[in-house]
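Engineer: Model the full structure from these sequences, guided by the hints.
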Amino acid sequence: MIAWDESLAVGVDEIDAQHQSIIALINDLATRKNQADEATTTQALHFLRNYLHDHFELETELMLDMGYPDLEAHRQQHELFVNHIIFFEIEKEFGVVSEQMLADILAFLKDWFLSHIQREDKALGRFVRTQALSG
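When we follow the numbering used here, the leftmost residue of the sequence shown carries the number 53, and every step to the right adds one.
Incorrect hints may have been included.
What the hints assert, rightly or not - DSSO-like cross-link-like pairs, simulated, lysine-lysine; straight-line CA separation at most 30 Å:
hint, residue 1, residue 2
1, K162, K85
2, K85, K144
3, K144, K162
4, K162, K174
Since the hints were derived computationally from the structure, they do not count as laboratory data. Fair warning: this is a prediction, and the values are worked out from it, not measured in the lab.
Structural biologist: Put into C-alpha coordinates, the structure is as follows:
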(Lines of atoms letter the chains of each structure in order from A; the text may use other names.)
(Lines give C-alpha, C1' and ligand atoms only; values in the text may rest on other atoms or scores of the structure.)
Protein backbone atom coordinates (compact mmCIF):
# COMPACT_ATOMS: atom_id res chain seq x y z
CA MET A 53 0.00 0.00 0.00
CA ILE A 54 1.11 3.53 -0.73
CA ALA A 55 0.08 6.37 1.55
CA TRP A 56 -0.18 9.74 -0.18
CA ASP A 57 1.49 12.56 1.67
CA GLU A 58 3.07 15.87 0.75
CA SER A 59 6.46 14.22 0.19
CA LEU A 60 4.94 12.79 -3.02
CA ALA A 61 3.56 16.13 -4.23
CA VAL A 62 5.30 17.60 -7.25
CA GLY A 63 3.64 21.00 -6.87
CA VAL A 64 1.52 20.89 -10.03
CA ASP A 65 -2.09 20.48 -8.92
CA GLU A 66 -3.40 18.49 -11.89
CA ILE A 67 -0.43 16.10 -11.85
CA ASP A 68 -0.70 15.65 -8.08
CA ALA A 69 -4.44 14.90 -8.37
CA GLN A 70 -3.78 12.29 -11.05
CA HIS A 71 -0.98 10.77 -8.98
CA GLN A 72 -3.42 10.41 -6.08
CA SER A 73 -5.86 8.59 -8.39
CA ILE A 74 -3.09 6.26 -9.58
CA ILE A 75 -2.11 5.52 -5.97
CA ALA A 76 -5.76 4.76 -5.16
CA LEU A 77 -5.82 2.23 -8.02
CA ILE A 78 -2.59 0.60 -6.86
CA ASN A 79 -3.95 0.39 -3.31
CA ASP A 80 -7.24 -1.06 -4.57
CA LEU A 81 -5.32 -3.74 -6.46
CA ALA A 82 -3.26 -4.47 -3.36
CA THR A 83 -6.40 -5.14 -1.34
CA ARG A 84 -7.54 -7.64 -4.00
CA LYS A 85 -4.26 -9.41 -4.63
CA ASN A 86 -5.42 -12.54 -2.79
CA GLN A 87 -8.43 -12.71 -5.11
CA ALA A 88 -6.42 -12.68 -8.33
CA ASP A 89 -8.49 -13.64 -11.32
CA GLU A 90 -8.35 -12.88 -15.01
CA ALA A 91 -11.09 -10.24 -14.90
CA THR A 92 -9.42 -8.27 -12.08
CA THR A 93 -6.02 -8.41 -13.74
CA THR A 94 -7.39 -7.52 -17.18
CA GLN A 95 -9.38 -4.62 -15.76
CA ALA A 96 -6.37 -3.31 -13.84
CA LEU A 97 -4.00 -3.49 -16.81
CA HIS A 98 -6.56 -1.92 -19.15
CA PHE A 99 -7.29 0.92 -16.72
CA LEU A 100 -3.60 1.50 -16.09
CA ARG A 101 -2.72 1.67 -19.73
CA ASN A 102 -5.58 4.05 -20.57
CA TYR A 103 -5.36 6.26 -17.49
CA LEU A 104 -1.61 6.51 -17.60
CA HIS A 105 -1.69 7.23 -21.33
CA ASP A 106 -3.81 10.29 -20.51
CA HIS A 107 -1.59 11.17 -17.56
CA PHE A 108 1.59 10.87 -19.62
CA GLU A 109 0.02 13.04 -22.34
CA LEU A 110 -0.73 15.73 -19.75
CA GLU A 111 2.87 15.68 -18.55
CA THR A 112 4.22 15.68 -22.11
CA GLU A 113 2.03 18.64 -23.13
CA LEU A 114 3.17 20.55 -20.06
CA MET A 115 6.82 19.78 -20.80
CA LEU A 116 6.41 20.87 -24.43
CA ASP A 117 4.58 24.08 -23.47
CA MET A 118 7.21 24.98 -20.87
CA GLY A 119 10.23 24.03 -22.98
CA TYR A 120 11.32 21.43 -20.44
CA PRO A 121 14.97 20.53 -21.15
CA ASP A 122 14.66 16.87 -20.05
CA LEU A 123 11.57 16.15 -22.14
CA GLU A 124 13.03 13.24 -24.10
CA ALA A 125 14.46 11.44 -21.07
CA HIS A 126 11.17 11.86 -19.21
CA ARG A 127 9.19 10.64 -22.21
CA GLN A 128 11.47 7.59 -22.49
CA GLN A 129 10.64 6.70 -18.88
CA HIS A 130 6.95 6.79 -19.81
CA GLU A 131 7.60 4.53 -22.81
CA LEU A 132 9.46 2.03 -20.62
CA PHE A 133 6.50 1.95 -18.25
CA VAL A 134 4.03 1.31 -21.08
CA ASN A 135 6.28 -1.46 -22.42
CA HIS A 136 6.22 -3.14 -19.00
CA ILE A 137 2.43 -2.97 -18.95
CA ILE A 138 2.31 -4.50 -22.44
CA PHE A 139 4.63 -7.26 -21.21
CA PHE A 140 2.26 -7.99 -18.31
CA GLU A 141 -0.69 -8.06 -20.75
CA ILE A 142 1.12 -10.56 -22.98
CA GLU A 143 2.12 -12.64 -19.97
CA LYS A 144 -1.52 -12.68 -18.85
CA GLU A 145 -2.70 -13.79 -22.30
CA PHE A 146 -0.29 -16.72 -22.44
CA GLY A 147 -0.18 -17.68 -18.80
CA VAL A 148 -2.41 -18.43 -15.91
CA VAL A 149 -3.40 -15.43 -13.85
CA SER A 150 -2.18 -16.01 -10.34
CA GLU A 151 -1.61 -14.23 -7.07
CA GLN A 152 2.08 -14.16 -7.98
CA MET A 153 1.39 -12.40 -11.28
CA LEU A 154 -0.68 -9.75 -9.52
CA ALA A 155 2.02 -9.44 -6.84
CA ASP A 156 4.61 -8.90 -9.60
CA ILE A 157 2.45 -6.24 -11.22
CA LEU A 158 1.92 -4.50 -7.88
CA ALA A 159 5.62 -4.58 -7.01
CA PHE A 160 6.51 -3.09 -10.39
CA LEU A 161 3.84 -0.38 -10.10
CA LYS A 162 4.86 0.64 -6.61
CA ASP A 163 8.60 0.68 -7.31
CA TRP A 164 8.37 2.40 -10.68
CA PHE A 165 5.74 4.91 -9.71
CA LEU A 166 7.39 6.04 -6.47
CA SER A 167 10.85 6.33 -8.02
CA HIS A 168 9.41 8.15 -11.07
CA ILE A 169 7.66 10.68 -8.84
CA GLN A 170 10.75 11.23 -6.69
CA ARG A 171 13.10 11.70 -9.65
CA GLU A 172 11.49 12.74 -12.90
CA ASP A 173 8.20 14.26 -11.76
CA LYS A 174 9.66 16.26 -8.88
CA ALA A 175 12.29 17.67 -11.27
CA LEU A 176 9.47 18.63 -13.64
CA GLY A 177 7.55 20.25 -10.77
CA ARG A 178 10.61 22.30 -9.74
CA PHE A 179 11.07 23.43 -13.34
CA VAL A 180 7.39 24.44 -13.67
CA ARG A 181 7.49 26.42 -10.41
CA THR A 182 10.75 28.14 -11.39
CA GLN A 183 9.32 29.08 -14.79
CA ALA A 184 6.14 30.42 -13.15
CA LEU A 185 8.20 32.61 -10.80
CA SER A 186 10.40 33.97 -13.57
CA GLY A 187 7.59 34.41 -16.10
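Engineer: If a hint holds in the structure, say so; if it doesn't, say that too.
Structural biologist: Now the hints, each set against the structure:
A distance of roughly 14 Å separates the Cα atoms of K162 and K85; the hinted pair therefore holds under the 30 Å criterion. About 15 Å separates the Cα atoms of K85 and K144, which keeps this hinted pair within 30 Å; it holds. With a C-alpha separation of about 19 Å, the suggested pairing of K144 with K162 holds against the 30 Å cut-off. Simply put, K162 and K174 have alpha-carbon atoms about 17 Å apart, close enough for the 30 Å limit, and the pair holds.
Violated hints for the displayed structure: none, as all numbered hints are satisfied.
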